[in-house]
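Undergrad: Sequence:
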Amino acid sequence: MFWGDRKPAVSLARRLRAWSLSRFPRRRTVTLTQNRIYILPTGAGAGFCVVLVLLLLLGINYENNLAYALTFLLVSIFVISIIHTYGNLAGLQVSALAGRPCFRGDKAGFTLQLTAAPKRDYEQLCLCWDGGVSQMLDLTEERMTQVELACDAPERGWLDPGPLLVETRFPLGLFRAWTWIDTGLKTLVYPRPVSCASPPPAGGDGGAEVSGVKSRGPEDFQGLARYEKGGSLHQVAWKVYARGQGLHLKQYAGTASEEIWLDWVTWHNGSVEEKLSGICFWALEFHQREQPYGLRLPGLILAPGSGESHRQRVLKALALFGRESQE
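So our numbering is basically just the index in the sequence shown, starting at one, shifted up by 17.
One or more hints might be untrue.
To be verified - DSBU-like mimics (lysine-lysine), calculated; alpha carbons at most 30 Å apart, straight line:
(1) K124 / K292
(2) K124 / K333
(3) K124 / K203
What the hints assert, rightly or not - Restraint-style ranges between C-beta atoms, simulated for each label pair:
(4) V150 / T46: 21 to 31 Å
(5) V253 / R40: 53 to 63 Å
(6) L33 / V150: 21 to 31 Å
(7) A35 / L154: 21 to 31 Å
(8) A259 / I318: 28 to 38 Å
(9) A61 / E302: 49 to 59 Å
(10) L154 / W255: 44 to 54 Å
(11) K124 / V211: 10 to 20 Å
(12) Q163 / L38: 20 to 30 Å
(13) V150 / L75: 35 to 45 Å
(14) R117 / E159: 16 to 26 Å
(15) C66 / V289: 55 to 65 Å
(16) L154 / V282: 47 to 57 Å
(17) L264 / P42: 36 to 46 Å
Since the hints were made in silico from the structure, they are not lab data. Values in this document were obtained by computation on a predicted structure and should not be read as measured data. Heads up, the beta-carbon is just placed ideally off N, CA and C, and yes, glycines get one too.
Starting from the given sequences, assemble the full structure and let the hints guide the process.
TA: What follows is the structure, encoded as structure tokens:
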């Protein structure tokens, strides 16, 4: 029973990790130095030590010079392996760049940059988030490389991938050198869009269908607004652009009943997550159609708009709805 129970070992590993992380503040860029790198023999390394002891005892018992020579040769390899395993992490610079948002149930991506120390190569580096899938890479010919590590996103809101594990067992696998880094990276997880037949009606007077769009005529023209990245190309004032005055969007005056609103109160059925998933689906749908739309949530109203920045604001509001931290 004792040998099959891994709970004490797991608990000890977690305590050592917590102690290691507590020694250093949270940083986006870390250079691995002597006080950050830990090294211990692997299972193969422990077995190698047993073989060395047996060979030494054999040489002593039989006074065999060949056994002595083989033992000292293997001890030399063992010591050299320690130096090379440690050196395969020493001087490496790890920078946490950014996180890539995703929808609930997908995998979020976090971009890291690895920079090699001058005149050093790094081989068989293994990186992973705590409990995540590891990714192995080499840093030899290129002195700098970027890698994206995936992390599961089971819940919406802010996603913290946890501490980053950087380890290596190069060159012989006899030793494992590793370090834990608290990068401080986080990213947003949006509600998973779920298709529904049609959105509930939501207009300025509560009677217009959210999917209804009125065709505007010249008499509805209100003015021009500076073009924002992701804006509808159908509303670009091309004549103004041709005169060299830059990109602008045409703005039209409309009644409240003609505006498209995604209103929380009109989603009567389902749980909170189901409502957010339905609103998310139609927000993406209207963005794809390049139709301006607004969002009404309890305690938050986003005026009708379009473009990529408006889409990001809507998705962020949906992701953080009901969460304690809105930052």
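Undergrad: Indicate, hint by hint, whether the structure satisfies it.
TA: Tested hints:
no. : hint                    : verdict
1   : K124 / K292             : 22 Å, holds
2   : K124 / K333             : 17 Å, holds
3   : K124 / K203             : 13 Å, holds
4   : V150 / T46: 21 to 31 Å  : 24 Å, holds
5   : V253 / R40: 53 to 63 Å  : 55 Å, holds
6   : L33 / V150: 21 to 31 Å  : 22 Å, holds
7   : A35 / L154: 21 to 31 Å  : 27 Å, holds
8   : A259 / I318: 28 to 38 Å : 37 Å, holds
9   : A61 / E302: 49 to 59 Å  : 55 Å, holds
10  : L154 / W255: 44 to 54 Å : 48 Å, holds
11  : K124 / V211: 10 to 20 Å : 19 Å, holds
12  : Q163 / L38: 20 to 30 Å  : 24 Å, holds
13  : V150 / L75: 35 to 45 Å  : 44 Å, holds
14  : R117 / E159: 16 to 26 Å : 22 Å, holds
15  : C66 / V289: 55 to 65 Å  : 57 Å, holds
16  : L154 / V282: 47 to 57 Å : 50 Å, holds
17  : L264 / P42: 36 to 46 Å  : 44 Å, holds
Every hint, counting from the list given before, is met by this structure.
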